[in-house]
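Chemist: Sequence lines, in order, name chains A and B.
Numbered according to my numbering, the first sequence spans residues 1 to 316.
Numbered according to my numbering, the second sequence spans residues 317 to 1048.
Hints should not be assumed to be uniformly reliable.
[As the list claims (entries may be wrong)] Derived Cβ-Cβ restraints for the label pairs, each shown as a range:
id: 1; chain 1: B; residue 1: H980; chain 2: A; residue 2: R195; range: 45 to 53 Å
id: 2; chain 1: B; residue 1: E474; chain 2: A; residue 2: A3; range: 51 to 59 Å
id: 3; chain 1: A; residue 1: S10; chain 2: B; residue 2: G744; range: 48 to 56 Å
id: 4; chain 1: A; residue 1: N105; chain 2: B; residue 2: D544; range: 37 to 45 Å
id: 5; chain 1: B; residue 1: D805; chain 2: A; residue 2: S316; range: 38 to 46 Å
id: 6; chain 1: A; residue 1: A276; chain 2: B; residue 2: G744; range: 34 to 42 Å
id: 7; chain 1: B; residue 1: T348; chain 2: A; residue 2: L103; range: 48 to 56 Å
id: 8; chain 1: A; residue 1: G65; chain 2: B; residue 2: E344; range: 32 to 40 Å
id: 9; chain 1: A; residue 1: R8; chain 2: B; residue 2: M463; range: 43 to 51 Å
id: 10; chain 1: B; residue 1: T739; chain 2: A; residue 2: E60; range: 50 to 58 Å
id: 11; chain 1: A; residue 1: E60; chain 2: B; residue 2: G392; range: 56 to 64 Å
id: 12; chain 1: A; residue 1: S316; chain 2: B; residue 2: G690; range: 48 to 56 Å
[What the hints assert, rightly or not] Derived DMTMM-like pairs: lysine to aspartate or glutamate, alpha-carbon spacing no greater than 25 Å straight-line:
id: 13; chain 1: A; residue 1: K39; chain 2: B; residue 2: E495
id: 14; chain 1: B; residue 1: K321; chain 2: B; residue 2: D892
id: 15; chain 1: B; residue 1: K1039; chain 2: A; residue 2: E41
id: 16; chain 1: B; residue 1: K321; chain 2: B; residue 2: E356
id: 17; chain 1: A; residue 1: K39; chain 2: B; residue 2: D692
id: 18; chain 1: A; residue 1: K39; chain 2: B; residue 2: E860
id: 19; chain 1: A; residue 1: K106; chain 2: B; residue 2: E1046
id: 20; chain 1: A; residue 1: K39; chain 2: B; residue 2: E356
id: 21; chain 1: B; residue 1: K468; chain 2: B; residue 2: D692
id: 22; chain 1: A; residue 1: K39; chain 2: B; residue 2: D383
id: 23; chain 1: B; residue 1: K447; chain 2: A; residue 2: D36
id: 24; chain 1: B; residue 1: K487; chain 2: B; residue 2: E707
id: 25; chain 1: A; residue 1: K39; chain 2: B; residue 2: E508
id: 26; chain 1: B; residue 1: K688; chain 2: B; residue 2: E519
id: 27; chain 1: B; residue 1: K447; chain 2: A; residue 2: E41
id: 28; chain 1: B; residue 1: K407; chain 2: B; residue 2: E437
id: 29; chain 1: B; residue 1: K615; chain 2: B; residue 2: E508
id: 30; chain 1: A; residue 1: K106; chain 2: A; residue 2: D199
id: 31; chain 1: A; residue 1: K225; chain 2: B; residue 2: D458
id: 32; chain 1: A; residue 1: K26; chain 2: B; residue 2: D383
id: 33; chain 1: A; residue 1: K39; chain 2: B; residue 2: D481
id: 34; chain 1: B; residue 1: K1039; chain 2: A; residue 2: D301
id: 35; chain 1: A; residue 1: K106; chain 2: B; residue 2: E434
id: 36; chain 1: B; residue 1: K723; chain 2: B; residue 2: D772
[What the hints assert, rightly or not] Footprint (simulated), chain A over chain B, 3 or more residues, beta carbon under 8 Å:
id: 37; segment: 440–452
id: 38; segment: 591–604
id: 39; segment: 1037–1048
I should point out that these hints are in silico values taken from the structure, not numbers from a laboratory.
The model shown is predicted, which means the values in this text are computed figures rather than measured ones.
Note that the Cβ used here is the ideal one computed from N, Cα and C, for glycine as well.
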Amino acid sequence: MRAFTYERASSVEAAAKAAASNRDAKFIAGGTNLLDLMKLEIETPTHLIDVNGLGLDRIEKTPEGGLRIGALVRNTDLAAHDAIRKDYSLLTRALVAGASGQLRNKATTAGNLLQRTRCPYFYDPNQPCNKRRPGSGCSAIGGITRQLAVVGTSKDCLATHPSDMAVAMRVLDAVVETVRSDGSSRSIPIAEFYRLPADTPHIETELEAGEFITAVVLPAPIGGKHIYRKVRDRASYAFALVSIGAVIQEDGAGRVAVGGVAHKPWRMEAADMELANGAHAVSAALMADARPTEQNRFKIDLVRRTLGAVLNQARS
Amino acid sequence: MQFDKPATTNPIDQMKVVGRPIHRIDGELKTTGRAMYAYEWHDPQMPYVYGYPVGAAIAKGHVTAIDTSAAQTSPGVLGIVTTLDVGDLTKGKLNTAKLFGGSEVQHYHQAIAVVVAETFEQARAAASLLKIDYVAEPGVFDLKQAMINAVKPDEASEPDTAIGDFDNAFKNAAVTVDETYTTPDQSHSMMEPHASIAAWDGEDLTVWTSSQMIDWWRTDLAITLGIDKQKVHLMSPFIGGGFGGKLFLRADAVLAAFAAKSVGRPVKVALPRPMIPNNTTHRPATIQRIRIGAGQDGKISAIGHESWSGDLPGGGPETAVMQTRLLYAGSNRMTAMRLATLDLPEGNAMRAPGEAPGLMALEIAIDEMAEKLGMDPIEFRILNDTQVDPENPERPFSYRDLSGCLKLGAERFGWAERGRPATRQQDGWLIGMGVAAAFRNNLVMPSGARVRLGPDGIVTVETDMTDIGTGSYTIIAQTAAEMMGVGIDKVAVQLGDSRFPVSAGSGGQFGANSATSGVYAACVKLREAVAAKLGFNSVDVIFEEGGVRSGNRFVSLAEAAGPDGVVGEDTMEWGDLTNTHQQSTFGGHFVEVAVDIATGETRIRRMLAVCAAGRILNPITARSQVIGAMTMGAGGALSEELAVDTRLGFFVNHDLASYEVPVHADIPHQEVIFMDELDPYSSPMKAKGIGELGLCGVSAAIANAIYNATGVRLRHYPMTLDKLIGYLPEVA
Ligand SMILES: Cc1cc2nc3c(=O)[nH]c(=O)nc-3n(C[C@H](O)[C@H](O)[C@H](O)COP(=O)(O)OP(=O)(O)OC[C@H]3O[C@@H](n4cnc5c(N)ncnc54)[C@H](O)[C@@H]3O)c2cc1C
Ligand code: SF4
């Protein structure tokens, strides 16, 4: 870990300004991902801006009938919130499927969205990795790829986005609210928030340097049956090999997003339209452009099969 | 004391303290954080500083230059010792790969430098500023490819055995199985990382460390440093797990010693978790071919087991065929081990080396054979049980009740409920049961102890035996209490210090039986000394109720001790009872699994182990050994695998986020039953090892349960869902 300076931001504006004045600064929320990465010098900020004291830890109703979730709401609190459990139980289910109780107590909504990949080569600073050191090459290609992405990959990176919560947010069409370093604010629909790796795998989201997430907004509830199914090698405390977030209405229509298969939560509105035709049709649409490796080809099957189980559950 | 005749009645048979379910006497220290682990030693008078280790970034080649200039000027840095500075060192006798010194890199993350600074953070920050130049060389990292070049290892490991005419018998057998199984490289993943503190006082070196074997470490540390063994004082009173990963001297101790010398202050060094899997040792992967032939009656006529594993030059094979020489009858037999040279980190002992991976394969093959014969797998095992060494029928087992374990287990587990493969289904889960035999040899090692009787009547045991979380403190206290006729509250136990008599140490499940036997021997000496001091005839003295009784005379131990106390010291040595009689431990593992019909995820529902291991010295500590081992077997069956990057030559998933050991949610109800037995051939304790038996066979029982649940026979560990889903029925 490199030495760094540290400040507690007093306001959102001050935080954004501080970030603007130092390109090597980073916000720190729960620190559950950032600190691990700093210890391995995968992240090397020279300055940390602690945003825990900004009062962004509330969940409020929006005039549109949805909910505005403060960026610093802890994963545990979000999962346990009455309105979330009642109207957005997919989110609760996804959250509690992730990490551990201790981690969720610290982890925040914004931090969870921005957690970085678990590609094992990304975690080994001795190895080339385009995401960690742009242009150095991708060690995973031709190596150990069982956990890695099967769709939306590029010749430069096969990493997945590991968040469970983000899969639920994608199904729920959440909107990320931010303040930029010049003080202006904007709203980014989750569908446009994450990028595919292409030839710049180190750029993971649409956020600009120093841009600060203030909240994540959920649109008005859409009803339906909320299901989150996470598939993994051990029963808890493991990242998804594949996960399915789904909201299925009584008539069989609905929305589906897949985790563990791409550089972002993988949802295609065209695939949602196939729901009436069953799991095979939906997964065929979702995985149409998949380019798996020998080691992770099973994920294609696994998506179809898990989706089948999810749809069975929705019907039952 | 020499143990060369089967034990007769002795004070241990009273079982007033030994055999009782006594909670571990060091439990309070541990739960209140007062048990000091190596890195935690902290004497406010000592000016400790921190060393951060640096591992090689290549798998094979040479370090050509290390530029330390940026690190030297980093805040707080006191000194840097590089592998080039110290030059070639003499390797410890028991190390295959060198731990430090010289330019050669033999494996990934081999230690090449230690950076010392006032704080841990400063040392870590400076460590990344080293600029290291390498010349990399190509290496061999893929066992499957290296297999063809594998050679017959050292004759001492008995690489080839042959009895009768295997080939012919197998060819002519009515029913045969001929399959190949693989087990992956596994990491010990003990809770406490390897850690050491070294402090020099002139030529004398004191090291607080985390070691299973005090004397092995002391010897090899002295050799590596090129100093007299007598100058090394090693202490390891508490150890947060080892599983074999701390049997042999490790780099943290060597680096701490060099670092402390170079900065003239005591230095703490811990291996960072991501460095452990590649820097230290691991259980090597195996490829195993098993052939079994039997008649229609189910009697085995031919049994053959071949195993391939790899290691660095100078290393040894994973002895995965060993149990096959002893477990089942059959007059035509062969085993063979072949060793390939691999440039991966050093392969070496991990809990139940040999038997653990060997039974992972053998006990699936046995299940397959029973299936082919249309026999119940328990019945098949019982039919082929033996009371003699099948290679040498003149040589009996000292005590063997494998069939008893299997029968009792079947009854308790509800084995009769097991159906045909793929016939039980419940809420989207396929349910199945599996069984496997457990088998692990009972090893004994010389073990010494010193027992002092103080003027306060307190009995203090001193031995360099270690407690790696197993309960050594407690069973040693029980032994001394039984021998001296006092309650356990009157016994103090001091372990893990090289100033104490050399013991068996902890490994190979030889620790408990050997070390308590050493304490027994020392107590016999102490009893004689006490009797002599009191002028009692040592033949008819009785030690009980805190005193010594002879006829109608009774003297309290405190009084007997007198102001100077009395000391007894001895070492238990072993005669040839292990040669005349095969000593082994036995058991049966029963598992019920559920396999998600859609995803192929396997979740364990119930586990039962029935163990036969002689006298159980303490059912609480013995049980925790067995349930811990069953947990390790669950990991081995379902998730644990060091993923080898065969291009770059290292274990890629080198942290606990990616090397998945079981978590609580993976482990269901576990039941353990101990057979009520004594083995007078094993020791005066009539006990045998238990710490590894609990692991032997578990993974195969899980594999067999998966087969029973799904009808899909998996032969390659770990049995992850990707290997299964292609064969499961469609869900929608
Ligand atoms: C052992 C382990 C297991 C885990 N398992 C899972 C799992 O199964 N599923 C899962 O989904 N997750 C898992 N996680 C990841 C966990 O969910 C994340 O670490 C956590 O959500 C990150 O939140 P945080 O608040 O601690 O983020 P931090 O570590 O504080 O920050 C993460 C990133 O977000 C940035 N950031 C934080 N807040 C803001 C903001 N308001 N605006 C802009 N940028 C910001 C930081 O600069 C940093 O780059 C696991 C983590 C660990 C350590
Ligand atoms: S897959 Fe992406 S994260 Fe992994 S090594 Fe390649 S570039 Fe790095």
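Chemist: Can you list which hints this structure breaks, lowest number first?
Modeler: Checked against the structure, the hints that fail are numbers 1, 4, 5, 6, 7, 8, 9, 11, 12, 13, 15, 16, 17, 18, 19, 21, 26, 28, 29, 30, 31, 32, 33, 35, 36 and 38, while the rest are satisfied.
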